[in-house]
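Protein chains in written order, with the working numbering: chain A, 1 to 112; chain B, 1 to 111.
To be clear, the hints were calculated from the coordinates, so they are not data collected in a lab.
As the structure is a computational prediction, the values presented were derived from the model and not from experiment.
Some hints could be false.
[Claimed, not checked] Result set (DSS-like, lysine-lysine): computed pairs, CA atoms no more than 30 Å apart in a straight line: (1) A:Lys68 with B:Lys103; (2) B:Lys103 with B:Lys37; (3) A:Lys68 with A:Lys24; (4) B:Lys103 with B:Lys26; (5) B:Lys26 with B:Lys67; (6) B:Lys103 with A:Lys78; (7) B:Lys68 with B:Lys103; (8) A:Lys78 with B:Lys37; (9) A:Lys24 with A:Lys78; (10) B:Lys37 with A:Lys24; (11) B:Lys68 with A:Lys24.
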Amino acid sequence: DAGVIQSPRHEVTEMGQEVTLRCKPISGHDYLFWYRQTMMRGLELLIYFNNNVPIDDSGMPEDRFSAKMPNASFSTLKIQPSEPRDSAVYFCASSRSGYGYTFGSGTRLTVV
Amino acid sequence: QQPVQSPQAVILREGEDAVINCSSSKALYSVHWYRQKHGEAPVFLMILLKGGEQKGHDKISASFNEKKQQSSLYLTASQLSYSGTYFCGPALGGGADGLTFGKGTHLIIQP
Numbered sequence: 001d002a003g004v005i006q007s008p009r010h011e012v013t014e015m016g017q018e019v020t021l022r023c024k025p026i027s028g029h030d031y032l033f034w035y036r037q038t039m040m041r042g043l044e045l046l047i048y049f050n051n052n053v054p055i056d057d058s059g060m061p062e063d064r065f066s067a068k069m070p071n072a073s074f075s076t077l078k079i080q081p082s083e084p085r086d087s088a089v090y091f092c093a094s095s096r097s098g099y100g101y102t103f104g105s106g107t108r109l110t111v112v
Numbered sequence: 001q002q003p004v005q006s007p008q009a010v011i012l013r014e015g016e017d018a019v020i021n022c023s024s025s026k027a028l029y030s031v032h033w034y035r036q037k038h039g040e041a042p043v044f045l046m047i048l049l050k051g052g053e054q055k056g057h058d059k060i061s062a063s064f065n066e067k068k069q070q071s072s073l074y075l076t077a078s079q080l081s082y083s084g085t086y087f088c089g090p091a092l093g094g095g096a097d098g099l100t101f102g103k104g105t106h107l108i109i110q111p
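Using the sequences and the hints, build the whole thing.
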């Protein structure tokens, strides 16, 4: 079991650029979650999917953020255009039926 | 909606015990506990599904008081490896509804 795989591990981009974060959940898990972590705000839930369908995106901070899950083995989180305040560690997590979440290693995003 | 954790930070000597509390303003269905080491992802420790249930994981156990909308994590005879930040994540619904985590409790174990 390779766990939840996120890419890239680190991303440095200029303000105004589009950023795409990727996630491959654990096979057989039916829930996928995107979180953002900063020192000030802690771990924030952005959006989650059940069987590839978005269930709750109320945590997405602005229209600049969008997420998709085209199939059971892939999800993306896109920020367009990016801003310095988007700098954070973004985690993807998956779960079977809502039980223990398995988190990916995260993507550290820096927007300059 | 974010649960309240206490204390915010704890410094212990190896072998000492610690209790971390988590309380919610809403009725709870279950509570998750996670530990995150610096620079790493959170790791699932345990989930408590029933009111009053206690579960254990090595020398780490937890209780869940559904009536009081609270959960506590107990670390017994702490080891250096227990250092990290502990998060609780209460679930409000019967199914998976996306956890809102507390701000975390920073635990430092000194030799």
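Verification of the supplied hints:
1. A:Lys68 with B:Lys103: holds, 27 Å
2. B:Lys103 with B:Lys37: holds, 14 Å
3. A:Lys68 with A:Lys24: holds, 12 Å
4. B:Lys103 with B:Lys26: Given pair lysine 103 (chain B), lysine 26 (chain B) holds - Cα atoms ~17 Å apart, limit 30 Å.
5. B:Lys26 with B:Lys67: Measuring from Cα to Cα gives roughly 10 Å; hence the hint holds.
6. B:Lys103 with A:Lys78: holds, 25 Å
7. B:Lys68 with B:Lys103: holds, 20 Å
8. A:Lys78 with B:Lys37: holds, 27 Å
9. A:Lys24 with A:Lys78: With a Cα-Cα distance of about 15 Å, the restraint between lysine 24 (chain A) and lysine 78 (chain A) holds, given a limit of 30 Å.
10. B:Lys37 with A:Lys24: Roughly 22 Å between the alpha carbons, so the hint for lysine 37 (chain B) and lysine 24 (chain A) holds.
11. B:Lys68 with A:Lys24: violated, 38 Å
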